[in-house]
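Asks: If you want the building blocks of each chain, they are given just below.
Number of protein chains: 2
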Amino acid sequence: MRVGQIGERRLLQLIANYCSDRLGDDGAVMGATSPGWEMVITTDMLVQGVHFSPQTTSAYDVGWRAGTANLSDLAAMGADPWGITVALGIPADTPVRWVEQVYQGLADCAKQYDTAIVGGDTVRSPVPILSITAVGQVPSHQIIHRHQACIGDAILSTGPHGLSRAGLELLLHPHLQELLPPPNAQFLIQCHQRPHPRLDVVAKLRQIAANAPLRIAGMDTSDGLADAILQVCAASGVGAVIDLAAIAIHPDLPSLAGAEALNWVLYGGEDFELLLCLAPDLAQQLLSQLPTAQIIGEIVPCHQSNLSQLQVHQSFQHFI
Amino acid sequence: MRVGQIGERRLLQLIANYCSDRLGDDGAVMGATSPGWEMVITTDMLVQGVHFSPQTTSAYDVGWRAGTANLSDLAAMGADPWGITVALGIPADTPVRWVEQVYQGLADCAKQYDTAIVGGDTVRSPVPILSITAVGQVPSHQIIHRHQACIGDAILSTGPHGLSRAGLELLLHPHLQELLPPPNAQFLIQCHQRPHPRLDVVAKLRQIAANAPLRIAGMDTSDGLADAILQVCAASGVGAVIDLAAIAIHPDLPSLAGAEALNWVLYGGEDFELLLCLAPDLAQQLLSQLPTAQIIGEIVPCHQSNLSQLQVHQSFQHFI
Numbered sequence: 027m028r029v030g031q032i033g034e035r036r037l038l039q040l041i042a043n044y045c046s047d048r049l050g051d052d053g054a055v056m057g058a059t060s061p062g063w064e065m066v067i068t069t070d071m072l073v074q075g076v077h078f079s080p081q082t083t084s085a086y087d088v089g090w091r092a093g094t095a096n097l098s099d100l101a102a103m104g105a106d107p108w109g110i111t112v113a114l115g116i117p118a119d120t121p122v123r124w125v126e127q128v129y130q131g132l133a134d135c136a137k138q139y140d141t142a143i144v145g146g147d148t149v150r151s152p153v154p155i156l157s158i159t160a161v162g163q164v165p166s167h168q169i170i171h172r173h174q175a176c177i178g179d180a181i182l183s184t185g186p187h188g189l190s191r192a193g194l195e196l197l198l199h200p201h202l203q204e205l206l207p208p209p210n211a212q213f214l215i216q217c218h219q220r221p222h223p224r225l226d227v228v229a230k231l232r233q234i235a236a237n238a239p240l241r242i243a244g245m246d247t248s249d250g251l252a253d254a255i256l257q258v259c260a261a262s263g264v265g266a267v268i269d270l271a272a273i274a275i276h277p278d279l280p281s282l283a284g285a286e287a288l289n290w291v292l293y294g295g296e297d298f299e300l301l302l303c304l305a306p307d308l309a310q311q312l313l314s315q316l317p318t319a320q321i322i323g324e325i326v327p328c329h330q331s332n333l334s335q336l337q338v339h340q341s342f343q344h345f346i
Numbered sequence: 027m028r029v030g031q032i033g034e035r036r037l038l039q040l041i042a043n044y045c046s047d048r049l050g051d052d053g054a055v056m057g058a059t060s061p062g063w064e065m066v067i068t069t070d071m072l073v074q075g076v077h078f079s080p081q082t083t084s085a086y087d088v089g090w091r092a093g094t095a096n097l098s099d100l101a102a103m104g105a106d107p108w109g110i111t112v113a114l115g116i117p118a119d120t121p122v123r124w125v126e127q128v129y130q131g132l133a134d135c136a137k138q139y140d141t142a143i144v145g146g147d148t149v150r151s152p153v154p155i156l157s158i159t160a161v162g163q164v165p166s167h168q169i170i171h172r173h174q175a176c177i178g179d180a181i182l183s184t185g186p187h188g189l190s191r192a193g194l195e196l197l198l199h200p201h202l203q204e205l206l207p208p209p210n211a212q213f214l215i216q217c218h219q220r221p222h223p224r225l226d227v228v229a230k231l232r233q234i235a236a237n238a239p240l241r242i243a244g245m246d247t248s249d250g251l252a253d254a255i256l257q258v259c260a261a262s263g264v265g266a267v268i269d270l271a272a273i274a275i276h277p278d279l280p281s282l283a284g285a286e287a288l289n290w291v292l293y294g295g296e297d298f299e300l301l302l303c304l305a306p307d308l309a310q311q312l313l314s315q316l317p318t319a320q321i322i323g324e325i326v327p328c329h330q331s332n333l334s335q336l337q338v339h340q341s342f343q344h345f346i
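So the sequence lines, in the order shown, correspond to chains A and B. This note's numbering applies: residue 27 is where the first sequence begins, and numbers increase by one. This note's numbering applies: residue 27 is where the second sequence begins, and numbers increase by one.
Looking at chain A on its own, in the form it has when it is part of the complex (with noise of 0.2 angstroms):
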């Protein structure tokens, strides 16, 4: 039996076995560091050819994008960020400039957000490949969890969706471009090489749970918006009503995708906003002072979701 034939999920389900407690968050918390703080720790690696390409990523975005979905993973866990290291593999024939630009743009994503790069490795391979490792800290009375979403929660999502995808697709066809305004198709290129990690939520929700606890699910959405859901969901045992029709739909997606602008928004990825269950008036709170986050849906039991509207048709198969 090949990997390419279980699929990455059933993949997963394996490699459990040889780990420590749960998986299935976008970090796994390591245990306290200080009393009432909690270190986590998250690992993505990075193939060229397969999760970028020299055609729409420079290096120095290589280098962002990898800090982002790192970071990314952390503000998904509630964590701050405390370090990061790489692990770089490279062809001996690669410019010394591209390694340069890659570790200019971890580094300037890393200081942007009040961490650096610790330390790493650098080896031979046959492609670029990227291996990137950060490590946090969240109160231990406010970790956010795939799990513990509970019926009756709001669910939030922190920002729009589908624009990655759709600088994606203006990198990719660069006449697409004259059909906008040459300042917003510049933007949706840049929310596809330069995204954000929304660790700003983190600070908000700390600051509007004081020292109290907070019960938060969530996770980021890296892997699409209809994933997140997905995912969240199936961790927590719960269904969720999802009002397709209330979800945001950037004004210059219909122009670049037409009848498939929804899709972009459910199944694009790569936007790294957060997607958060939690109390409505935790939710009401939030978004009072997120503009851009809005509520998407609500927790529901299993027999009264309508969940079965998002099959996945186009999420990221890593092995298919």
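In short, the hints are calculated from the structure, not lab data. Backbone N, C-alpha and C define an ideal beta-carbon position, used for all residues, glycine too. Keep in mind that a hint or two might mislead.
[Claimed, not checked] Partial selection, computed: residues in chain B whose CB lies under 10 angstroms from chain A:
id, residue
1, I41
2, L132
3, G263
Given chain A's structure and the hints, the job is docking chain B onto it.
Replies: Showing chain B alone in chain A's frame:
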């Protein structure tokens, strides 16, 4: 300019510009966890065809060796392990069994040293690639750095060298196994396939020091004994007098290596012992508790050094 033209050392110097503080140890100190303790993190990437070959390394051993390499880096900083993450890149036609065996080897290695795999990532890549990150902690006043060797320090090797190199030779040229009694050949092969991190040395040092500060310079010998001596001396701005005649050569090495036996000891690499520079009385205390340890020289001012005899003609240069 290509990375293959500038070599690994220069590349690491360039990369250091984008990283926080000092790099140059086996791991990076990330900051205080609980009062009096520092967190240490280390990352290694292993690429099939570069760092391991299916011919000499089973999937289980790929996992085990990757675990050892990272835990050895923690030991080299004086740290206990806290947890390991693993990012695995594999082609879609990789047997599922291969993946399970890699994780089994890594999990077994982790378990033997009271730690565990806490998370990771699995992606598609053109060749199998493993990137491991290990996190540990060390008392703030007992961190082992490369740069703190002092004139008068004894130079201590925690165990024999050249055994991993001998084991590799036996695997690459099985007919050589006839030169040794079978258990001896198996022992050397085991040294190559299942090396052990010297976390026991860390425990002994803590025991000896109790809560007093320790000033020890050191690193692991994964890139060879000679390389470790040169690196520690360079980082500390000191020289050394090494007594080459005093360095133990395992009795089976000359049968396999002939006149090259000492070169295998000095430059073989991957024995995962520790090279420590410490006050002579402390070295004696450690020596009395570690049967395999040996004092092989003394730290001296640069002008009295005999390090030029250790020209690293066979050391591992990733990009050449």
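Asks: Hint by hint, say whether it matches the structure.
Replies: How the hints compare with the structure:
1. I41: holds, 6 angstroms
2. L132: holds, 7 angstroms
3. G263: Not OK, violated: B/G263 not within 10 angstroms of chain A, min 22 angstroms.
When the structure is compared with the earlier hints, a violation turns up for hint 3 alone.
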